[in-house]
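A.B. asks: The lines below spell out each chain.
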Amino acid sequence: MGKGVEPMDLFAAEIQPPFQPPSNSEVQLVLFAEDGVHADLAETGEYLSRCAHYAIRHKLYLATGLFLYDSTLCLCLLGPDGMPVLRQGSICPPAQGEGGQTADRVEVVPTRLGNLCLCVGEDILHPQVLRAAALKGADLVLAVQQLDPAAETPCMRLFSAWDAAQTNNLYVIHYAAGKVSVCCPAGVTRAGDGWLVRPTDGLPVHFGLNMARLDEVRQQFQLLEGLNPELAQHYAMELGR
Amino acid sequence: MNRGMLSLLSFGMSFRVTPNRILSCLEGTSAASRRNLEFVTPEAVRVAAVQLEKLEYRTIQEYALEMLSHARAAVEQGAQLVVYPEYVGLLPMTLVPGWRGILRWLLEEGEAPTLEAKIRTDRLRMVAEALHDFLEEAYLDTFSTIARLQHVCVVAGTGLFWEEEKLHHRSVVFGPDGEPLGSQDRVNPVGSERWAGVASTWEVEPVPTPLGPLGVVFGPDAYYFECFQILREKQVKLVAVPSARAGAFPDLLRCRANGAGLFVANACYSTPGLDGRAGVYAPVGATPHFDGVAARATEGGSQMVCQRLNLAKEDYIPPDSVPNPAFLAGDYLHSYRYGGGMPVVVSQEFQPED
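Protein chains in written order, with the numbering used here: chain P, 25 to 265; chain F, 5 to 358.
FYI, nobody ran anything at the bench for these hints, they're computed from the structure. Among these hints, one or two may not hold up.
[Said to hold, decoys possible] Lysine-lysine pairs mimicking DSSO-like chemistry, simulated, CA-CA at most 30 Å apart:
#1 P:Lys160 to F:Lys317
#2 F:Lys122 to F:Lys58
#3 P:Lys160 to P:Lys203
#4 F:Lys170 to F:Lys122
#5 F:Lys238 to F:Lys122
#6 F:Lys238 to P:Lys160
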């Protein structure tokens, strides 16, 4: 964990419309629910500056909306001191090649809330991205996907965020097409269905993330520990090399 | 329980479970009149997934006839492939006198008998050495004979094999002549199997069948999308998933079917504590309600789900985006062994001199 701070077993998180204050001072993590992309460089700078002030004022971690930086679709996580903790570029560009630059690494950052990771745009649709993040120790993924509500299919969130949570034993907060959902390993939820927050457009959304419970479930069902690394070695061609 | 007692049980089971008993009871029934594999076309493949309710048996005949009844019902509905649940080859263990006591004895103190329970490996080794012969015989003879009598391909759930001082969890696929067509071992042991030291394989290969290449991914291996991706790359369209898990597991299979563009036949149990529903899953475009479910048992209890599939139709719609090749070859594949790409050290001290 960063800077010798004790990790938090349980904390409150919220998904808010941009710059709306958190519902109470206990909230440790906020994700801005934004559908657009900040593309203009000057406007993006101003936006990020306002985000930093928001994080400082409310003393919390803040995941920004999508923005373009150096032709790369990005997300940024700001710490309670307003400093960027993590900036992640999109790894999966559109097949038609209309996108700009892409990142070639997925980053995981240790914080007092756990090991956090950002998932940008369509990266959530590709299981390789969050598998790599999970193998690097990610506990919580904040995913923002730019999606036209008309293009949304009923199973889209099941096949992306929910699947990633089950496949990698981690929390996934997913925002796309005006709706938010929070998924986790099925064993973490009382109903055993893996939905902490089912897809909803009723913002703000307030929820608690229980890292201690996540660890318990991981101890019982050691998915990543059981993964056979030789499989990837022998089938590197099939898996993408 | 001790080694002597286990030897005695093994001796007793060698009389109670014999190939002759299995053959005579199965061959005593009428063979299937239908030969569903005589004409095979990928446009109309019929697969059946078995949902088992009964876990305890008093005689090997009862076990064999129960397994046969599902294959027979499936063949009557035109099935060309029948999939049985995971651990179906371990059910004859319930024929052993005092099997519950043996199970309790195998578990670490305070552990409940679940799929995640910690197992004492020293005791497991003794039990495996004593009883593996009869369990293997019961498993292989039962399903080989069923496949032969019903003229159908059978994915015989899974069984445990004691080979070279290690426990192997394996699914065997039988052809319509009763001969094994191939097998698949556990790839990623988790839960009890991890504690029990079950051997893992790195091989995920299609089994050649009259229906075309067939993938077999059983139990928690389905949590690993890699297995399905590898099979997809190897031109597999149909994957059999014997499982013993319920809850969120069917939804996970919907994700796998849609994510890799595969048809998935899932056999399971419907008993208290393992209340699953057998089903056949497909890419959303190939399902009537665009939900990834081609067919699913609506009720609990012993039954079988049979569904016709068009394996030739490409209903897989991949995402518009593709992962950066540099990420796949570098950071992603390195993650499996090193938890990420190799660190790049840039230091003037190490710059080569001209």
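A.B. asks: The structure should be examined with respect to each hint, and the outcome stated for every one.
C.D. replies: Hints versus structure:
Between the alpha carbons of P:Lys160 and F:Lys317 the distance comes to roughly 38 Å, so the proposed pair goes past 30 Å and is violated. With a C-alpha separation of about 25 Å, the suggested pairing of F:Lys122 with F:Lys58 holds against the 30 Å cut-off. For the given pair, P:Lys160 sits about 28 Å from P:Lys203 by alpha-carbon distance, which is consistent with the 30 Å threshold. Between the alpha carbons of F:Lys170 and F:Lys122 the distance comes to roughly 17 Å, so the proposed pair stays at or under 30 Å and holds.
Pair hint F:Lys238 plus F:Lys122 does not hold up; C-alpha atoms about 36 Å apart against a cutoff of 30 Å. The suggested pairing of F:Lys238 with P:Lys160 holds, with an alpha-carbon distance near 29 Å, which does not exceed 30 Å.
Of the numbered hints listed earlier, those contradicted by the structure are 1, 5.
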